[in-house]
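If you're matching them up, the sequences are chains A and B in order. Position 205, counted from 1, in the first sequence is what the UniProt record's numbering calls 205; the numbers after and before it change by one each time, with no gaps. Position 50, counted from 1, in the second sequence is what the UniProt record's numbering calls 50; the numbers after and before it change by one each time, with no gaps.
In case anyone wonders, no lab produced these hints; they're calculated from the structure. Glycine included, C-beta positions come from ideal geometry on N, C-alpha and C. Do not rely on the hints blindly, as some may be mistaken.
What the hints assert, rightly or not - If you anchor each label on the Cβ, the simulated ranges turn out as follows:
#1 Asn-171/A with Gly-37/B: 36 to 44 Å
#2 Thr-13/B with Leu-119/A: 38 to 46 Å
#3 Arg-63/B with Arg-96/A: 23 to 31 Å
#4 His-230/B with Trp-91/A: 53 to 61 Å
#5 Ala-112/B with Val-279/A: 55 to 63 Å
#6 Val-279/A with Arg-126/B: 52 to 60 Å
#7 Asn-171/A with His-230/B: 47 to 55 Å
#8 Thr-137/A with Arg-126/B: 50 to 58 Å
#9 Arg-98/A with Glu-196/B: 37 to 45 Å
#10 His-230/B with Phe-167/A: 53 to 61 Å
#11 Arg-98/A with His-230/B: 39 to 47 Å
#12 Glu-26/B with Leu-73/A: 57 to 65 Å
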Amino acid sequence: MDALVAQHLLNWLVLGSIYTLVALGFSLLFGVLDVIHFSHGDVSMAAPFVALAVIQAVTVTLVPDGGTATLILAILAATLVVGLFGVLVDWLVIRRFRAAPAMMALVATVALGTVVRELIRTLYPQGSNPKPFPALTTEVLRLGEVAVPVFSLIVIFVSVATVAALFWLLNRTPVGLRIRAVAEDRAVARLMAIRPDRIFAITFFIASAIGAVGAVFFASHAGVVRFDFGVQLGLIGFSAAVIGGLGSMQGAILGSLLIAGVDTTVQMTIPDGASYRLVFIFALVILVLVLKPSGVLGKPVFEKV
Amino acid sequence: MLEMERVNTSYGTVPMLREVSLRVGEGEMVCLLGPNGAGKSTTFNAICGLLRAESGQVRIAGRDVRDCGTEALASLGVGFVPEGRRLFPTLTVRENLRLAFDAARAPALEFAAQIEKMAQLFPRIRERLDQRSGTMSGGEQAMVALARALIGEPRLVVMDEPSLGLSPKLIDEYFQIVARIRDQGKAVLLIEQNAETALSIAERGYLLVRGRIALQGASADLLRDDTIRHMYL
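All chains should be built: construct the whole structure from the sequences, respecting the hints.
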C-alpha cells in the first residue's frame with residue numbers, strides 16, 4: 001500500500017475517533033432527553049483546561065516532573081470533573097426546560113456555551129491565549145515507510161473501547177435498560193419506578209465524560225488548546241450526529257467517520273486544503289440534510305399506538 | 001385499596017375532574033365508565049400521580065399518592081395498563097417485563113418464575129420474549145401490557161381502556177383473562193368505554209360524565225339504568 005494512502009487512512013481514523021467521542025454525546029443526550037445540548041462542545045472543551053490545571057497543581061506541589069503518569073492522572077481527573085460538570089449543567093439549566101418547546105432549550109444551551117467559554121477565558125490565567133497541550137506520547141512506530149504515531153493508536157484504541165463500553169452499558173446493564181426506557185417514554189418509565197431526573201443526570205455524566213476524552217484528544221492532537229476550541233469541535237460533533245441520524249449511536253459514529261473522511265481528503269488533495277476544510281465539511285452536512293433530512297441512519301420516529 | 005376523595009383537576013383553566021370520589025376495595029373489581037372526553041384518562045393520570053390533583057386526595061394502600069410519588073406506586077403493589085398500552089417499543093418483551101418486575105421490589109419473587117407464570121397466562125408471550133415489543137401486533141401488545149402490569153404480583157391493577165383497538169374476538173379473550181385476575185383476588189379498576197363488557201365482569205361501576213361522577217352502583221343495577229342504557233346499550 002502506498003505510504004501516503006496509509007498515512008491518510010490513519011489520520012482519517014484518528015479524526016473520526018475524536019469526532020465520534022463528541023458526536024456520541026449529542027446523540028445520546030438528544031435520544032434520552034429530547035434536547036439539543038448545543039454547549040456540549042464547550043462543556044467538553046473544559047476538559048483540557050482541567051487537565052492542564054491538574055498538571056500544574058501536581059508539578060508544583062508534588063513532583064516537579066511527573067511525565068506521562070501525571071498526564072494520565074490529569075486526563076482521568078478531567079474526565080471525571082467534566083462528567084460532573086455536565087450533571088451540574090443539567091441540574092442548573094437544562095432541567096428548567098424539560099417541558100418547554102425544544103427551541104427554548106436550544107437557545108438556552110447556545111447561551112450556556114458562551115457562558116462556559118467566557119468563564120474559561122476569564123478564570124484560567126491568561127485564558128485568551130492558546131495554551132500548549134502536552135502530547136500523550138511522541139513515540140513513532142515505523143512500519144515500512146509508514147510512520148505510525150503511538151498517539152494515533154492510543155486515540156483509536158481508547159475510542160473503540162469507549163464506544164464498546166457505551167454500547168455494553170446501554171444494551172446489557174440494568175442502568176442502560178432504564179436509560180433506554182426513559183428515552184422512549186418518560187411517563188411510563190415513572191410507573192416502572194424509574195426516576196427520569198436520575199437517568200438524565202447519569203446520561204449527562206456519560207455524555208460529558210466521553211466528550212471530555214474527545215476534547216483532550218483534540219487538544220493533544222493539535223498540541224494546543226484555546227478557550228473557544230469547543231465551538232468548532234461542538235459544531236463538527238453536532239453535525240456528525242445530525243448527518244448520521246440524531247439519536248442513533250451508530251449514526252453518530254458513521255457521521256463522524258464521514259466528516260473525518262472529507263476533512264482528511266480535502267487536506268490531502270487540495271492545495272492549502274487545511275484552510276478550506278470547514279467549507280467542505282459543512283457543505284457535506286448540507287448535502288446530507290437535503291438528500292436525507294433524518295440523517296443517514298435516522299429512523300422515522302416510532303408511531304405511538 | 002384505592003380511594004379518590006373529592007379530587008379536582010384542571011388543564012390550564014379548563015376544569016377536568018370535579019369532586020371525583022371513588023373507591024376500590026381489597027379484591028374488588030370496579031369499572032369506571034364514561035364517554036369520550038369525560039375525564040377517564042385524567043382520572044387514570046390523577047390516580048398514578050402523573051397529574052397533580054388540585055384538591056382532594058388519592059390514596060393507594062393507605063398512602064397519599066402526592067406524598068409517595070408515581071415512582072413508589074409499583075412497590076406499593078399497583079400494576080398499571082396505561083391507555084394505548086404504552087409498551088417501550090424498541091425494548092424487547094423480556095425487557096419490558098423486567099422493568100415492571102424490578103419496579104415491584106418483591107424479594108420473594110423470582111423473575112424466571114414470574115416469566116413462566118405470565119407465559120402460562122399468555123401463551124403467545126413465550127416465543128416472543130426476545131422480540132421488540134413495537135413489532136408485535138396490537139393484540140399481542142395488549143397481552144404484554146397486561147403481563148407487565150401483573151408480573152410483580154400487584155394487589156391492585158389499574159387499566160385504562162385496555163380493549164381499545166382490539167377485534168371483538170380478542171376483546172372476549174382479553175376480558176376472560178381480566179376475569180381470571182379478578183378471581184385471583186386482585187383489586188381491579190377497569191376504566192372502559194365498553195360498558196356492557198365492563199359491567200358484566202365488574203362488581204360495581206361508576207359513570208363519569210363531563211368530569212363528574214354522574215352515577216354509581218352495583219353492576220346489575222347500572223345495567224338496568226336508563227342513562228347507561230341510553231348512552232351505551
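message: I want to verify a distance hint. Is the separation of the beta carbons of Thr-137/A and Arg-126/B within 50 to 58 Å?
response: 55 Å Cβ-Cβ, so the 50 to 58 Å window holds.
- prompt: Taking 36 to 44 Å as the hint, is the beta-carbon distance of Asn-171/A and Gly-37/B inside that range?
  reply: Holds, since Asn-171/A and Gly-37/B (Cβ atoms, about 41 Å apart) stay within the stated range.
field: Cβ distance range 57 to 65 Å for Glu-26/B and Leu-73/A, holds or violated
entry: holds (60 Å)
message: Taking 55 to 63 Å as the stated bounds, is the beta-carbon spacing between Ala-112/B and Val-279/A within them?
response: holds (58 Å)
query: So does Asn-171/A sit 47 to 55 Å from His-230/B, Cβ to Cβ?
result: holds (54 Å)
- prompt: Are His-230/B and Phe-167/A spaced within 53 to 61 Å by their CB atoms?
  reply: holds (58 Å)
task: May I ask you to test the hint 39 to 47 Å on the CB atoms belonging to Arg-98/A and His-230/B?
output: Distance hint for Arg-98/A, His-230/B holds at roughly 44 Å.
- prompt: Between Arg-63/B and Arg-96/A, does the C-beta distance stay in 23 to 31 Å?
  reply: For Arg-63/B and Arg-96/A the Cβ distance comes to about 30 Å; the hint holds.
- prompt: If you check the beta carbons of Val-279/A and Arg-126/B, does the distance land in 52 to 60 Å?
  reply: holds (57 Å)
task: Could you say whether the range 53 to 61 Å given as a hint is met by the Cβ separation of His-230/B and Trp-91/A?
output: This hint holds: roughly 54 Å between Cβ atoms.
query: Falls inside 38 to 46 Å, the C-beta gap from Thr-13/B to Leu-119/A?
result: Since the Cβ atoms of Thr-13/B and Leu-119/A sit about 42 Å apart, the hinted range of 38 to 46 Å holds.
- prompt: CB of Arg-98/A to CB of Glu-196/B, is that within 37 to 45 Å?
  reply: holds (42 Å)
No hint from the list above goes unmet by this structure.
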